[in-house]
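Asker: Based on the sequences and whatever the hints tell you, model everything.
Residue-level listing of the chains:
2 protein chains.
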Amino acid sequence: MSESHFDAAVALQPQADGTFLGHTHAAYGNMVGPFGGITAAQALNAALQHPKRLGDPISLTVNFAAALADGPFTVIARPARTNRSTQHWVLEIQQQGEAVLTGTAFFGLRRDTWSADEQVMPGVPRPADVVDGQRPARVEWVKRYEMRFIEGAIPTEWNGVDTGNSRTRMWLRDSPPRPLDFASLTALSDVFFPRVWRRRPTFVPIGTVSMTVYYHADQAMLQATGDGHILGQTQAQAFRNGYFDQTAQLWNEAGQLLVTTHQVVYYKE
Amino acid sequence: MSESHFDAAVALQPQADGTFLGHTHAAYGNMVGPFGGITAAQALNAALQHPKRLGDPISLTVNFAAALADGPFTVIARPARTNRSTQHWVLEIQQQGEAVLTGTAFFGLRRDTWSADEQVMPGVPRPADVVDGQRPARVEWVKRYEMRFIEGAIPTEWNGVDTGNSRTRMWLRDSPPRPLDFASLTALSDVFFPRVWRRRPTFVPIGTVSMTVYYHADQAMLQATGDGHILGQTQAQAFRNGYFDQTAQLWNEAGQLLVTTHQVVYYKE
Numbered sequence: 165m166s167e168s169h170f171d172a173a174v175a176l177q178p179q180a181d182g183t184f185l186g187h188t189h190a191a192y193g194n195m196v197g198p199f200g201g202i203t204a205a206q207a208l209n210a211a212l213q214h215p216k217r218l219g220d221p222i223s224l225t226v227n228f229a230a231a232l233a234d235g236p237f238t239v240i241a242r243p244a245r246t247n248r249s250t251q252h253w254v255l256e257i258q259q260q261g262e263a264v265l266t267g268t269a270f271f272g273l274r275r276d277t278w279s280a281d282e283q284v285m286p287g288v289p290r291p292a293d294v295v296d297g298q299r300p301a302r303v304e305w306v307k308r309y310e311m312r313f314i315e316g317a318i319p320t321e322w323n324g325v326d327t328g329n330s331r332t333r334m335w336l337r338d339s340p341p342r343p344l345d346f347a348s349l350t351a352l353s354d355v356f357f358p359r360v361w362r363r364r365p366t367f368v369p370i371g372t373v374s375m376t377v378y379y380h381a382d383q384a385m386l387q388a389t390g391d392g393h394i395l396g397q398t399q400a401q402a403f404r405n406g407y408f409d410q411t412a413q414l415w416n417e418a419g420q421l422l423v424t425t426h427q428v429v430y431y432k433e
Numbered sequence: 165m166s167e168s169h170f171d172a173a174v175a176l177q178p179q180a181d182g183t184f185l186g187h188t189h190a191a192y193g194n195m196v197g198p199f200g201g202i203t204a205a206q207a208l209n210a211a212l213q214h215p216k217r218l219g220d221p222i223s224l225t226v227n228f229a230a231a232l233a234d235g236p237f238t239v240i241a242r243p244a245r246t247n248r249s250t251q252h253w254v255l256e257i258q259q260q261g262e263a264v265l266t267g268t269a270f271f272g273l274r275r276d277t278w279s280a281d282e283q284v285m286p287g288v289p290r291p292a293d294v295v296d297g298q299r300p301a302r303v304e305w306v307k308r309y310e311m312r313f314i315e316g317a318i319p320t321e322w323n324g325v326d327t328g329n330s331r332t333r334m335w336l337r338d339s340p341p342r343p344l345d346f347a348s349l350t351a352l353s354d355v356f357f358p359r360v361w362r363r364r365p366t367f368v369p370i371g372t373v374s375m376t377v378y379y380h381a382d383q384a385m386l387q388a389t390g391d392g393h394i395l396g397q398t399q400a401q402a403f404r405n406g407y408f409d410q411t412a413q414l415w416n417e418a419g420q421l422l423v424t425t426h427q428v429v430y431y432k433e
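Going down the list, the protein sequences come from chains A and B.
Counted the way the working numbering counts, the first sequence spans residues 165 to 433.
Counted the way the working numbering counts, the second sequence spans residues 165 to 433.
Derived from the structure by calculation, the hints contain no laboratory data.
Among the hints, a few may not be true.
Claimed, not checked - Using C-beta positions, here's what the derived DEER-type ranges look like:
| hint | chain 1 | residue 1 | chain 2 | residue 2 | range |
| --- | --- | --- | --- | --- | --- |
| 1 | B | N329 | A | S249 | 24 to 34 Å |
| 2 | B | P236 | A | T327 | 51 to 61 Å |
| 3 | A | A233 | B | P300 | 47 to 57 Å |
| 4 | B | W322 | A | S249 | 21 to 31 Å |
| 5 | B | R275 | A | A233 | 22 to 32 Å |
| 6 | A | Q177 | B | L185 | 39 to 49 Å |
| 7 | B | E433 | A | Q177 | 40 to 50 Å |
| 8 | B | G235 | A | S249 | 20 to 30 Å |
| 9 | A | V196 | B | L273 | 12 to 22 Å |
| 10 | A | K432 | B | R290 | 36 to 46 Å |
| 11 | B | G235 | A | R274 | 30 to 40 Å |
| 12 | A | R331 | B | S279 | 17 to 27 Å |
| 13 | B | M195 | A | N323 | 49 to 59 Å |
Claimed, not checked - Far from chain A, some chain B residues (derived; all Cβ distances over 12 Å):
| hint | residue |
| --- | --- |
| 14 | D171 |
| 15 | Q177 |
| 16 | G272 |
| 17 | P289 |
| 18 | A292 |
| 19 | I318 |
For every residue, glycine included, the Cβ atom is placed at its ideal position computed from N, Cα and C.
Answerer: Structure (structure tokens):
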């Protein structure tokens with residue numbers, strides 16, 4: 165079992181001017197630039213590590229403005245407004261002084277309240293009864309995750325036939341296993357392959373342009389989840405003239421909804 | 165039929181420094197501060213009216229950092245990155261130099277591609293066969309919309325009983341009717357009353373903290389929709405320790421999916 169690359173990949177060095185210095189990591193390389201999930205985790209990490217941080221993440225939105233070049237980058241995390249128990253962050257990642265990511269985050273202190281999961285975990289086989297599925301060998305980041313496809317695996321036949329259904333269900337977790345935290349949960353929110361390939365298997369170029377993560381997990385729930393498997397479910401709602409959306413839910417094995425997440429993705433035909 | 169207040173409410177005056185001056189409008193007043201949907205529309209409008217604008221909105225995220233005070237505000241819209249056919253915006257609304265809203269938007273030029281609505285419009289009665297429902301009389305902004313509740317109307321008995329279901333379906337449109345545009349579609353994305361009141365009718369204080377809108381409609385679809393009714397469907401996925409999420413879809417009468425939208429909302433118990 166190799167050591168986890170995740171902590172090295174999201175590591176940031178605080179700079180004298182209040183920004184953070186990060187570096188792309190070869191273990192999370194994608195077809196062009198790094199895996200978007202690791203970039204999102206790096207952006208969040210600047211707020212998580214910021215000396216003015218209040219509370220835990222409730223929501224995060226990141227917009228991918230350009231593919232990151234291999235090498236260093238600067239993360240700017242500005243607490244735009246801090247209230248008594250909530251905090252609003254403005255985030256930006258720059259390379260050569262140009263924005264490659266823009267974003268915002270909302271942090272809050274939680275209180276115990278009446279709670280309920282309305283989107284309940286679907287009945288699925290247990291992780292041990294599902295095989296770790298095949299992935300494209302030339303993409304590095306997919307080796308950093310287990311992907312046990314239950315329904316809607318990556319197509320093996322790119323026949324362009326409209327399946328009428330873009331849903332995928334899969335068990336996933338970091339590989340090697342690693343205790344869950346807010347940064348890794350953010351990256352896990354982006355592991356789903358693009359819904360347009362699932363709906364109509366044609367290998368069209370794609371790129372996520374915006375992703376939003378709502379964190380329903382608090383610290384206690386992260387700890388309870390530990391390095392266990394996470395059930396991911398994702399589906400598109402609309403494909404329209406170059407952009408489609410993709411919604412997803414992540415539950416832990418106990419059936420607690422950890423995250424709901426959404427993204428809008430460019431596709432070229 | 166009274167004149168529509170919408171255009172006056174979202175009107176912005178370009179300032180010499182490149183920012184925009186806006187003003188809260190009494191017609192869109194809420195319990196505390198204005199209706200969040202009109203504030204979101206004002207934020208988007210700064211990018212829509214900006215001389216450097218490229219293309220049409222594909223996604224918008226706004227974060228409500230504080231209740232707006234009645235009076236003037238400044239909207240700052242910065243094109244953080246403009247590519248050949250896409251553009252990333254950073255948005256902020258300030259009062260007295262303090263952030264009351266942060267946000268980002270993504271604009272793009274669309275191309276005709278293979279398209280499909282996967283989330284299909286549910287079978288519902290026609291707008292004329294559903295009555296315009298009762299709303300709290302002391303809230304001004306709700307008078308600016310028709311709300312024809314098909315399922316999950318605003319509770320009349322606040323009995324605190326868990327219904328196990330937060331879904332609402334309703335026909336809606338501006339009142340008086342007004343041709344749809346990106347700004348009004350943005351405001352319409354926020355008209356749903358909070359899901360926690362629907363799931364378990366207790367009149368707890370709430371406040372949206374972040375909202376994301378994905379625009380599947382282009383200019384042609386807006387024109388085809390005109391001032392017709394829009395079917396709104398919304399449901400929560402999780403209520404957890406002070407925050408719940410709320411997803412929604414908006415279709416035109418022809419069944420085209422115009423918008424998918426998500427928000428995370430604070431609730432106090």
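Asker: Each of the hints needs a verdict: does it hold here or not?
Answerer: Tested hints:
1. B:N329 / A:S249: 24 to 34 Å: holds, 30 Å
2. B:P236 / A:T327: 51 to 61 Å: At 53 Å between Cβs, range holds.
3. A:A233 / B:P300: 47 to 57 Å: Once the Cβ atoms are compared, 53 Å apart, the range 47 to 57 Å for P300 of chain B and A233 of chain A holds.
4. B:W322 / A:S249: 21 to 31 Å: Roughly 26 Å apart at Cβ, these two residues keep to the hinted range, so it holds.
5. B:R275 / A:A233: 22 to 32 Å: holds, 27 Å
6. A:Q177 / B:L185: 39 to 49 Å: Given about 41 Å between the Cβ atoms, the range holds.
7. B:E433 / A:Q177: 40 to 50 Å: holds, 41 Å
8. B:G235 / A:S249: 20 to 30 Å: holds, 26 Å
9. A:V196 / B:L273: 12 to 22 Å: Roughly 21 Å apart at Cβ, these two residues keep to the hinted range, so it holds.
10. A:K432 / B:R290: 36 to 46 Å: Since the Cβ atoms of K432 of chain A and R290 of chain B sit about 38 Å apart, the hinted range of 36 to 46 Å holds.
11. B:G235 / A:R274: 30 to 40 Å: holds, 33 Å
12. A:R331 / B:S279: 17 to 27 Å: Check passed, 18 Å falls within 17 to 27 Å.
13. B:M195 / A:N323: 49 to 59 Å: Given a distance of about 55 Å, which is inside 49 to 59 Å, the answer is holds.
14. D171: holds, 27 Å
15. Q177: About 23 Å separates Q177 of chain B from the closest Cβ of chain A, which puts it past 12 Å; holds.
16. G272: violated, 7 Å
17. P289: Non-interface label on P289 of chain B holds, nearest chain A Cβ at 23 Å vs cutoff 12 Å.
18. A292: Answer for A292 of chain B: holds, closest chain A Cβ roughly 27 Å.
19. I318: holds, 18 Å
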